[in-house]
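Asker: Residues per chain are reported as follows:
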Amino acid sequence: KNEVEQSPQNLTAQEGEFITINCSYSVGISALHWLQQHPGGGIVSLFMLSSGKKKHGRLIATINIQEKHSSLHITASHPRDSAVYICAVASGSRLTFGEGTQLTVNP
Amino acid sequence: DAGITQSPRHKVTETGTPVTLRCHQTENHRYMYWYRQDPGHGLRLIHYSYGVKDTDKGEVSDGYSVSRSKTEDFLLTLESATSSQTSVYFCAISQFSGVAGAGELFFGEGSRLTVL
Chain A
1 KNEVEQSPQN LTAQEGEFIT INCSYSVGIS ALHWLQQHPG GGIVSLFMLS SGKKKHGRLI
61 ATINIQEKHS SLHITASHPR DSAVYICAVA SGSRLTFGEG TQLTVNP
Chain B
1 DAGITQSPRH KVTETGTPVT LRCHQTENHR YMYWYRQDPG HGLRLIHYSY GVKDTDKGEV
61 SDGYSVSRSK TEDFLLTLES ATSSQTSVYF CAISQFSGVA GAGELFFGEG SRLTVL
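Chains A and B supply the protein sequences, listed in that same order.
Heads up: the first sequence at position 85 corresponds to 85 in this note's numbering, and the numbers run straight through without jumps.
Heads up: the second sequence at position 65 corresponds to 65 in this note's numbering, and the numbers run straight through without jumps.
No wet-lab data here; the hints were simulated from the structure.
Source: prediction; values computed, not measured.
Any given hint might turn out to be false.
[Stated by the list, open to error] Pair by pair, the computed Cβ-Cβ distance ranges are:
| hint | chain 1 | residue 1 | chain 2 | residue 2 | range |
| --- | --- | --- | --- | --- | --- |
| 1 | A | Lys54 | B | Asp54 | 28 to 34 Å |
| 2 | A | Gln14 | B | Ser67 | 46 to 52 Å |
| 3 | A | Gly92 | B | Ser67 | 18 to 24 Å |
| 4 | B | Lys11 | A | Leu46 | 28 to 34 Å |
| 5 | A | Gln9 | B | Ser67 | 33 to 39 Å |
| 6 | B | Thr17 | A | His69 | 42 to 48 Å |
| 7 | B | Pro8 | A | Thr12 | 31 to 37 Å |
| 8 | A | Gln66 | B | Thr17 | 47 to 53 Å |
| 9 | B | Thr17 | A | Ser7 | 39 to 45 Å |
| 10 | A | His38 | B | Glu59 | 22 to 28 Å |
| 11 | B | Gly3 | A | His38 | 16 to 22 Å |
| 12 | A | Lys54 | B | Arg9 | 28 to 34 Å |
| 13 | B | Glu59 | A | Ser51 | 25 to 31 Å |
| 14 | A | Pro39 | B | Lys53 | 35 to 41 Å |
[Claimed, not checked] SDA-like cross-link-like pairs, simulated, lysine to any residue; straight-line CA separation at most 20 Å:
| hint | chain 1 | residue 1 | chain 2 | residue 2 |
| --- | --- | --- | --- | --- |
| 15 | A | Lys53 | B | Glu104 |
| 16 | B | Lys57 | A | Asn2 |
| 17 | B | Lys11 | A | Gly41 |
| 18 | B | Lys57 | A | Gly92 |
[Unchecked claim] Chain B is nowhere near these chain A residues, computed Cβ spacing over 12 Å in every case:
| hint | residue |
| --- | --- |
| 19 | Pro8 |
| 20 | Glu15 |
| 21 | Thr62 |
| 22 | Ser71 |
| 23 | Ala76 |
| 24 | Ser82 |
The beta carbon of each residue, even a glycine, is placed where N, CA and C say it ideally should be.
If we strip away everything but chain A, and leave its shape as in the complex, we get (with noise of 0.2 Å):
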């Protein structure tokens, strides 16, 4: 079992659609991140977060420490939220990865 489990690997929705993409894990963490990533290979963080939640523009971010679960929001979500979505944890000196959701929004 991975340390880091995405849910769904894969999500398409319509413009305007509430969007949630789910992270579970198994280790203790000092941190979890959300970052994105387009077409073309860049990748960008979107959140970096220990407890509750964060909030940027459209995006949210959850995080439930005791049930090792967090969960990213996107409302009102639109065509250029394409991309893959990641979770990572962060535990020690150490970055685990989820697989990644890729989420398509179609127009």
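Chain A is fixed; fit chain B onto it per the hints.
Answerer: Showing chain B alone in chain A's frame:
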């Protein structure tokens, strides 16, 4: 944007040849990481560094070595490249906060390596 650059960005080489990828940062961040990205596997950690001359193995370290003689440079070496090392390689840095990954992550643009 964080100052992190990878070189070369693209390389084609033959099996058995040595290859070195360079990650250079201008942010003075303590933690640096090398990982590879392959279809069906996502990002996998190869090696990481928590300071000058301080490195440790990740989950897919076989066939790779690293060196960090200066804060700003983290080198990844394939002593004898194999076709299974064809991949896209990413470097990442993390702000010093006492614990790796407890600060924001910044990524290089990736280096695409093809081993024929």
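Asker: Decide, hint by hint, whether the structure agrees.
Answerer: Hint-by-hint comparison with the structure:
In this structure, A/Lys54 and B/Asp54 meet the distance hint of 28 to 34 Å, their C-beta atoms being roughly 31 Å apart. At roughly 49 Å, the beta-carbon separation of A/Gln14 and B/Ser67 lies within the given 46 to 52 Å, and the hint holds. A C-beta distance of roughly 22 Å is found between A/Gly92 and B/Ser67, which places it inside the suggested range of 18 to 24 Å. The hinted range of 28 to 34 Å is satisfied by B/Lys11 and A/Leu46, whose Cβ atoms lie roughly 30 Å apart.
A hinted range of 33 to 39 Å holds for the C-beta pair A/Gln9 and B/Ser67, which are about 36 Å apart. Separation of B/Thr17 from A/His69 is about 45 Å and conforms to the stated range, judged on CB atoms against 42 to 48 Å. The hint said 31 to 37 Å for the Cβ distance between B/Pro8 and A/Thr12, and at roughly 36 Å that hint holds. Taken as a hint, the range 47 to 53 Å holds for the pair A/Gln66 and B/Thr17, whose Cβ atoms sit roughly 50 Å apart.
Under the hint 39 to 45 Å, the C-beta atoms of B/Thr17 and A/Ser7, about 41 Å apart, fit the expected range. Checked against the hint of 22 to 28 Å, the C-beta distance between A/His38 and B/Glu59 comes to roughly 25 Å, which is consistent with it. Here the CB-CB span from B/Gly3 to A/His38 is close to 21 Å, well matched to the stated 16 to 22 Å. Take A/Lys54 and B/Arg9: their Cβ atoms lie about 32 Å apart, and the range 28 to 34 Å holds.
Look at B/Glu59 against A/Ser51: about 27 Å separates their beta carbons, and that is inside 25 to 31 Å. At about 38 Å, the CB distance of A/Pro39 to B/Lys53 agrees with the hint of 35 to 41 Å. Of the supplied pair hints, the one linking A/Lys53 and B/Glu104 holds, its CA atoms being roughly 16 Å apart against a limit of 20 Å. Restraint check for B/Lys57 and A/Asn2: the C-alpha separation of about 18 Å stays at or below 20 Å, so the hint holds.
Among the hinted pairs, B/Lys11 with A/Gly41 is consistent with the structure: their alpha-carbon atoms are about 16 Å apart, no more than 20 Å. Taken as a hint, the B/Lys57 and A/Gly92 pair is honoured in the structure, with Cα atoms around 13 Å apart against an allowance of 20 Å. Every beta carbon of chain B lies more than 12 Å from that of A/Pro8, the smallest distance being close to 14 Å; the non-interface claim holds. Distance check on A/Glu15: its Cβ is at least 27 Å (rounded) from any Cβ of chain B, clearing the 12 Å threshold; non-interface status holds.
With a closest Cβ-Cβ approach of about 18 Å to chain B, A/Thr62 is found to remain outside the 12 Å limit, as its non-interface label requires. At roughly 18 Å from the closest C-beta of chain B, the C-beta of A/Ser71 stays outside 12 Å, upholding its exclusion from the interface. The claim that A/Ala76 lies off the interface holds: its Cβ sits roughly 25 Å from the closest Cβ of chain B, which is beyond the 12 Å cut-off. Every Cβ of chain B is farther than 12 Å from the Cβ of A/Ser82; the closest lies at roughly 18 Å, confirming the non-interface assignment.
Every hint, counting from the list given before, is met by this structure.
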